[in-house]
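Student: These are the residues of each chain, in order.
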Amino acid sequence: MEILDILMTASFWGAVLRIASPLIFATMGELICERAGVLNLGIEGIMVIGAFAGWMAVYAGLGLWPGVMVAMATGMLFGLLHATLTVPLGLSQHVVGLGVTLLATSSAYYAYRLALPEVTSPPRIEPFQPVDIPVLSDLPLLGESLFSQTPLTYLALATVAVVGFVLYRTPLGLALRAAGENPSAVEAQGLSVTAIRMGAVVAGSGLMAVGGAFLTMSAFSSFFFEMVNGRGWICIALVVFGAWRPGKALLGAILFAAFDALQIRMQQTPLGAVVPYQIFLMVPYVLSILALVLMSRRAEVPEALMVPYNRGER
Amino acid sequence: MTVPPSRGVVLRLNGITKRFGQLTANDNVGFALHEGEVLALLGENGAGKTTLMNILFGHYTADAGTVEVFGEVMPPGAPGAALAAGVGMVHQHFTLAENMTVLENVLLGTVPLWRMGLAKSRGRTRLQVLSRDFGLKVHLDAQIKSLSVGEKQRVEILKALYRDARILILDEPTAVLTPQESDALFDTLRKAVARGLSVIFISHKLHEVMAISERVIVLRHGRLAGEVATRDTDRHKLAEMMVGAEVTLPRAEARTPGETLLQLADVSLSAEGRRVGLDGANLSLRAGQITGIAGVSGNGQAALADLVGGLATPERGEMRLFGQPVQTWSPRAALNAGLGRIPEDRHKQGSIADFSLTENTVLEGYPAPPFSSSGIMNWGKARHHAEEIISRYDVRCPGPDARIRLLSGGNMQKLILGRVLEAGPRIILANQPVRGLDIGALTYVQERLIAARDAGAAVLLISEDLDEILALSDVIHVISEGRVSPEFPRGSKTPAELGVWMAGQGFDHAA
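The listed protein sequences correspond, in order, to chains A and B. Converting from the first sequence to the working numbering requires adding 1281 to each position, the first position being numbered 1. Converting from the second sequence to the working numbering requires adding 1361 to each position, the first position being numbered 1.
Think of the hints as simulated: they come from the structure by calculation, not from any bench. Since we're looking at a predicted model, the values are computed, not measured. One should not assume that every hint holds.
[As the list claims (entries may be wrong)] Partial selection, computed: residues in chain B whose CB lies under 7 Å from chain A:
(1) Leu1444
(2) Gly1447
(3) Leu1457
(4) Gly1470
(5) Leu1479
(6) Val1608
(7) Asp1755
From the three backbone atoms N, C-alpha and C, an ideal C-beta is built for every residue, glycine too.
Same shape as in the complex, but just chain A (with noise of 0.2 Å):
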């Protein structure tokens, strides 16, 4: 069996964790605005921008992690747009994201155009180099796939500890999470729900850019238009998949990927001769369409995710 054969190699497995890290940042980011209460569909373009950004920040000279460091701001800062018009003045929320979305994307595009404006190809930036984990990276099959990876997908996988960490054993997260559910019982303690929600749209816009960022800096190693090319969506899919918790919401992202990786070795088969190789770009977005549908049933949405709190209204 050829899927068999596939499941079996230590590349495959690489290429899986490959795929998932930017899902992983970016699907964090937006769990945590979630969380709180937020739905942000800036997240598409907080990534492309992010992914702009960090590429841009190291073609003009800056280290490869400052780079990281500055899409994360550009992301904050997008974020930082969102919150204030989604959580001080309730505008809808979908409007505002999608139009954070089209802001971010074409600031990007703009900027790349008026930055190296005679270029016909993106300049190429020396990316991050995988680092092998001592050991462990020895390890058959396992060890090159997991312990051989950038630097960026260990931080991903880092990320879903810590974010699992703060939403349930930290006070901080307590209240982002109660923020979420009923904003009049964080009121009612004393605490600013604005100041909670603008904080978590703010850090998960962060992290959606640093998401974008992988993509260029790690994944690949230039810009280029689209190339974001939905996963933003796929994050939101996946938050939902994951039923709002951090760690069955990796655990999709590393199943989405998987389809994906599988889908491009597909092609490569027998099969993939006779078959056209877009019902095999489509598969990974079916499985996630019918995982959806099984995983998420029973799913407990934050009760006040996308409704705005005013205070002081009956």
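Fit chain B to the supplied structure of chain A, relying on the hints for placement.
Tutor: Below, chain B alone, put in the same frame as chain A:
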């Protein structure tokens, strides 16, 4: 004054004024709360009690006036300040996150946000002590959504006590409680006062105010209408102060009933989402007669109301309308047959919160003239109709275009009553029509129901309040675990005898 001078003032309101649009909810209200006292704040729905407390707690910002806690003026609109000063509030609508545990809800906001760790075990120990000292039993790891209303309220009180509240404000705390739960709450409050806490108890239930408070302050139409020591007054005087006129509770006089309009013959219904279904119910609703259904809540009242209101069809047995067996039965069929419905939950089933009063008045009548013709709404007529209901039924509101969520429970119920009665129903399903209403609104709704009976309507009155059933009903059935007792004519059974049936005992002999 009536309070010994030795006890200091812990809280003082000075000249509080608050307007919502054209509605003045509080007009220059001021009073003081003393240490270790239970002060009752009494007033009809819409008198401004809740608004006043929300200002005190910092949820609303007053247009004028100040709040002083332990001698310090509170910054307006900052709930954090009131909390820090030792004011704890138990809201009428609980401020709890349903998908989180009791412990998490209590700890929220009590630990600095940037600290690592929640200190859950320390919180747990303290809560266990508090819940023992104040008699507030609740399972700390249970999710809020799995708790009963009474338990949720205990969590709210624990939240305040956990923050070392010295002043407890309870907004209509008993509106949602069973009598046993209310008694337990009163025990807790007495324990709190014995420990030097001060309590503001907001209510419109006179017997509770008499039972728990030392001093009563009465609000009427947003103004202070009087202040009196509880031992110097009685229920009757308080009711007068509250309403501004003498109050007599309505009683229905006996009448000769007309023909049977709706009949249930051996009807059964499975529980299906309700707590209890119906088990072989026999019931006749006659023109010009009020049929009372007495019983402890959750004994099949919901199934009976769903059945009569068109939300359910009999699974066994027969339903006869105007002497004919019912073929198709749905809410729309029920409305077309001339059924008027006053639902149990006026917020969930009786109204749409973000619709205007006008829209809410035509929720049932909209598909037919005069409100629409050929599928096009006539909003002018609808608005006129709403205005008529507002003036005829004394609905206090900013106007027909206001969203109905702005109305107090009593005014909302009057609007629903107007919607039902103006449609000229032949059968009226009144399910808990006065639950949570103050005495003014309660009297009003009951009088209107009696008037509708006198005009020839058949009224099915479902109530958990036996006094209400006895005062209004021409015939009484008792419902218990889905079984409906035989019909008892007015005065044929004492409350104690009905109580035996309510406990489910008479049925075996009758069978």
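Student: Which constraints among the numbered hints does this structure fail? Numbers only, ascending.
Tutor: Hint check: 2, 6, 7 fail, others pass.
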